[in-house]
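Asks: Model the placement of chain B on the given structure of chain A, informed by the hints.
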Amino acid sequence: MNHLFEFLLRQGDNVLVLGHRTSEWCGVAPALEEDIALANTALDLIGQTQLWLGYAAEVEGAGRSANDLAYQRDVYDFRNLLMLEVPNDDFGRTLMRQFLFDAFQVPWLTALLQSDDQQVADIAAKSLKEALYHLDRSSETVIMLGDGTEHSNARMQAALNYLFPYAGEMFADDATDIAMDDSGVAPLPSAMRAAWTQTVEKVLGEACLTLPDTAFAHSGGRTGFRHTEHLGHMLATMQTLQRSYPGATW
Amino acid sequence: MSKEWPLWEVFIRGQHGMSHRHVGSLHAVDAEHAIKNARDVYTRRNEGVSIWVVMAKDIAASSPSDKGPLYEPARDKVYRHPTFYDIPEDVGKM
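For the protein sequence lines, the chains are A and B, in the order given. The numbering of the first sequence is the working numbering, which starts it at 1 and goes up by one. The numbering of the second sequence is the working numbering, which starts it at 251 and goes up by one.
What the hints contain is simulated information worked out from the structure, not anything from laboratory work. Every value quoted in this text rests on a predicted model; they were computed, and no experiment measured them. It cannot be assumed that every hint is accurate.
[To be verified] Computed cross-link-like contacts, DSS-like style, restricted to lysine-lysine with a CA-CA straight-line distance of at most 27 Å:
#1 A:Lys-202 to B:Lys-317
#2 B:Lys-307 to B:Lys-253
#3 B:Lys-286 to B:Lys-253
#4 B:Lys-317 to B:Lys-307
#5 A:Lys-129 to B:Lys-286
#6 B:Lys-317 to B:Lys-286
#7 B:Lys-307 to B:Lys-327
#8 B:Lys-307 to A:Lys-126
#9 B:Lys-327 to B:Lys-317
Looking at chain A on its own, in the form it has when it is part of the complex:
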């Protein structure tokens, strides 16, 4: 197995899948301001995808492009976290997911600045500026809604209860992570747990939300072993054009 290729797919697929989910709000978000903010976030994430998958394609060396990887792979070839592929459901879950992911991305991309692989360090540097703003915004919104009305608090708590069992997958090291750590490309994801927990506990505390008392973690997304039923439906929408008209450009 080409561990660097695998590692890059994980980075790219995370932001691709979350970017697509976020883009589903375009035109239907609860407020015009949030609609534009979510579209901006989605565009940031798709931009990051182009960099990660572009480098992945280069490393693979099989003549595929970033677009081929994004639009012509099927469910079992995707390496994103399960948390990022589950449906948006409501605005609360969308914001909570963004927050739980941002709280990981910021320390993760910060650590990747030190990567021995210069291209990884460069992509991290560009992505980090965006991730810092995303974290700022998602934390603030989670606090506003959690510490809002009884109704908004209940919906944010429901979102947290639903998503929390998916969060543990972010920190589950495997052979690829160990190979990346050994070669100086990236630290182990498990090393991010302390920083993530600190951010999450602080923000959720301010948001008057309670962390579910469970250590259970779904897995299978980042290894590609088992995705949820939702990813296939999402890809059917996301990939329809390239599937119907392979190679179409504009």
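Replies: Frame of chain A, contents of chain B only:
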């Protein structure tokens, strides 16, 4: 109680702008939220380097019906424009 977020007026200073200019308005729950929304709504095309927001209700405005007494007296006082003087070249931009 209104469920609508309060209205804010947004002022942006551009890359080469000397002062903040009014660019529009938006809704937000508080000042910090308004600045973030302004960033997302009004600076997506690299328009600004600084943002001011102020609650629309906090702006005191002159009344359009007072137009006559407020502005008309200035109309016939052309001598208030410094157009009757020659400004030396080396004074620069006034």
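Asks: Confirm or reject each hint.
Replies: Evaluated hints:
| no. | hint | in the structure |
| --- | --- | --- |
| 1 | A:Lys-202 to B:Lys-317 | 54 Å, violated |
| 2 | B:Lys-307 to B:Lys-253 | 16 Å, holds |
| 3 | B:Lys-286 to B:Lys-253 | 20 Å, holds |
| 4 | B:Lys-317 to B:Lys-307 | 21 Å, holds |
| 5 | A:Lys-129 to B:Lys-286 | 15 Å, holds |
| 6 | B:Lys-317 to B:Lys-286 | 36 Å, violated |
| 7 | B:Lys-307 to B:Lys-327 | 34 Å, violated |
| 8 | B:Lys-307 to A:Lys-126 | 39 Å, violated |
| 9 | B:Lys-327 to B:Lys-317 | 17 Å, holds |
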